[in-house]
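Student: Kindly generate the complete structure, drawing on both the sequences and the hints.
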Amino acid sequence: MHNPQLNDRGELTHLLSTEGLPRAILTQILDTAESFMEVSAREVKKVPLLRGKSVFNLFFENSTRTRTTFEIAAKRLSADVINLDIGRSSTAKGETLLDTIDNLCAMHANLFVVRHASSGAPYLIAEHLRRIGRDDIHVVNAGDGRHAHPTQGLLDMYTIRHYKKDFSNLRVAIVGDILHSRVARSDIHALTTLGVPEVRAIGPETLLPKHLDKLGVHVFHDMEAGLKDCDVVIMLRLQNERMNGALLPSAGEYFRHYGLTPQKLALAKPDAIVMHPGPMNRGVEIHSAVADGPQAVILPQVTFGIAVRMAVMSIVAGN
Amino acid sequence: MNILIENGRVIDPGQAVDREATSLFVVAGRIAAIGEAPAGFVADEVIDAAGCVVCPGLIDLGARLNSIEAELAAAVAGGVTSVVVPPDADPPLDEPELADRLVHRGREIGKARVLPLGALTLGLQGERLSELAGLKKAGCVAFSQAKVPVVDTEALLRALEYAASFAFPVFLHPQNHWLSRNGIAHDGEVAARLGLAGIPVAAETIAIATIVQLVRDTGCRVHLTRLSSAAGVALAKAAMAEGLPLSFDVGVHHLLLTENDIGFFNTHARFQPPLRTQADRAALSAAAAEGFAAICSDHTPVGADDKLVPFGEAKPGATGLEVLLPLTLKWAEQAGISLSAALARITSAPAAILGLAGGSLAIGAAADICIFDPAAEWQLTPEALKSRGKNSPWLGCRMSGKVRRTLVGGRIVY
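From first to last, the protein sequence lines stand for chains A and B.
The C-terminal position of the first sequence is numbered 319 in our numbering, with every residue numbered one higher than the one before it.
The C-terminal position of the second sequence is numbered 733 in our numbering, with every residue numbered one higher than the one before it.
Just so you know, the hints here were simulated from the structure itself, not pulled from any lab data.
Computed from a predicted model, the values in this text were never measured in an experiment.
Some clues are possibly wrong.
[Claimed, not checked] Partial list, computed: chain A residues near chain B (C-beta under 10 Å):
id: 1; residue: Ile-25
id: 2; residue: Ser-119
id: 3; residue: Ser-181
id: 4; residue: Arg-185
[As the list claims (entries may be wrong)] Partial selection, computed: residues in chain A whose CB lies under 8 Å from chain B:
id: 5; residue: Lys-210
id: 6; residue: Lys-214
id: 7; residue: Leu-215
For glycine and all other residues, C-beta sits at the position ideal for the given N, C-alpha and C.
Tutor: Laid out in structure tokens, this is it:
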């Protein structure tokens with residue numbers, strides 16, 4: 001099947017998902033991000049790679065934090081950044097998604113960073129650009145529905161590589177609401193592609209998609225068993241609306257069984273790192289003593305995220 | 320008018336007729352003879368069917384006629400001579416006057432026969448019964464909820480009891496409301512990968528189990544529409560083996576496609592019920608091959624704008640009337656079914672479900688005839704379709720089997 005993320009030469013032209021990307025491209029992104037880490041430490045935090053290019057942040061769903069990190073990354077690449085809060089403008093007036101895209105193409109956009117509540121929306125945009133012959137415009141998925149959040153997945157990989165050096169001997173656990181998590185899906189595909197031998201998913205059956213095992217994941221309902229001897233623990237955010245209802249009885253019961261406490265973390269390897277895509281619910285999925293503890297690498301994740309997004313934007317716009 | 324159709328391969332699955340290079344004689348709108356000319360027959364018109372199959376006109380158990388003229392023209396272009404129309408039109412077909420108008424409009428257009436299904440409940444709300452006897456009198460051939468589940472099981476029980484009192488057949492699409500209301504795709508590997516909300520097989524099996532029990536209790540004749548799963552097929556077959564007055568059909572797309580055809584969010588592969596696994600597809604195919612299930616197009620014209628949206632926002636369904644025959648032929652070839660057995664699934668089988676005399680080339684039957692070239696290839700493009708619905712997962716693909724002529728009641732309508 002035609003891979004919509006790659007151009008005819010097999011290079012990355014859109015970043016839509018970590019699924020289906022060759023290991024070499026994932027590694028290229030991580031290596032490029034590493035070279036950008038130094039830029040953020042400079043007094044003048046800029047490189048001219050995207051000078052004169054226009055990056056449109058199209059957030060059909062609000063997310064100040066993600067949008068900000070993309071904005072910073074684009075500005076450090078010297079791009080012009082236009083933030084569009086579409087949720088409140090055009091679509092509210094009945095304009096279709098692709099009409100909005102056509103309009104922005106006419107404004108000479110070079111790169112769209114897209115956040116959308118529906119799984120697959122960035123694919124629709126990429127396919128549309130191909131159909132109208134605009135292969136000079138690139139799409140970076142900043143989170144679509146439950147499907148994918150590839151830059152978050154990649155920054156998680158960057159973080160793991162930074163602390164653990166090698167993927168080939170790791171045991172990684174992803175804990176929580178995997179069913180609704182685009183981060184979890186992007187992490188799973190990236191981890192398996194990069195050669196992590198054991199990826200575990202931990203959560204109650206109500207928060208796990210069916211057939212998760214087909215994605216190469218070992219499923220655990222018992223958090224103690226799942227955390228045993230892990231090198232990396234990735235905690236997921238539990239959305240407020242899922243805490244009380246048919247999926248879970250209460251935030252309290254969830255925390256008792258699936259919240260990461262120092263006692264539970266002690267079951268993982270002593271040098272295990274703890275990650276979280278943010279924003280955290282302290283006392284729901286993670287205990288403050290862990291979130292603020294020596295094994296947490298949650299804030300470095302945010303820093304790495306800027307470099308990873310710089311890498312992704314410079315690579316797709318450069319291809 | 321006397322019509323001679325000569326040199327064709329005449330196949331009538333209902334009568335186990337399959338004769339090469341045979342003549343078929345139509346007199347006054349009816350089949351007069353096959354093989355030897357009736358005494359004194361003089362043809363007003365001769366159709367040379369050399370290289371073609373001459374079979375009963377197709378009977379489609381489910382096709383939406385959003386723009387009735389275009390869709391009825393599409394029907395006869397696809398060899399379909401009778402179209403069963405579900406009641407989920409706007410407004411829903413819940414009043415005798417609406418059914419009457421639809422039937423008359425169909426006659427005026429004079430292409431395929433229109434066989435409406437009346438709404439079982441007012442507005443398809445699943446609460447209050449429609450005037451079933453009045454709808455029947457206005458021309459409805461059966462009653463249905465289209466694809467809207469009856470949430471209230473007591474309302475469903477009463478509806479089946481009432482329909483049984485008049486011996487009216489009821490078409491039901493087995494789909495549990497609670498398990499399907501938020502779903503987008505089969506609750507399987509593809510939905511897990513793509514992050515699409517799932518519709519479990521239990522949505523279908525629970526509904527079938529409920530319906531089967533109510534059929535057992537009421538004796539109402541029920542036809543289950545568009546089964547999608549192996550487990551659903553097993554339940555329906557078991558109920559039929561028990562001798563219950565039950566039948567079922569499958570949409571032709573579900574015989575050929577699976578959840579994997581969604582690929583990267585291809586909205587043309589969004590169906591209701593959803594495409595399921597390879598094992599489910601195989602079970603549906605076996606049910607059709609063994610003669611348990613009829614095949615229908617489930618023709619659902621959807622405007623381009625309603626497919627050029629993210630997968631979960633796209634309207635489900637595909638255009639079907641003009642691909643029912645070629646896709647059935649494709650399925651037959653893949654499944655190793657004879658041409659005659661395949662044609663039975665779209666002619667005599669649906670006629671039997673409807674309790675109609677059609678779907679046959681019996682002497683004296685209305686001359687509803689489809690003449691097609693099984694070897695002719697054509698490419699499915701929007702321009703190739705008469706239907707307003709250009710939505711198809713097969714766009715750009717080669718189709719084998721082209722309708723050359725269609726007769727309804729002895730009139731050449733295509």
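Student: I'd like to know which numbered hints this structure contradicts. Please list them from smallest to largest.
Tutor: 1
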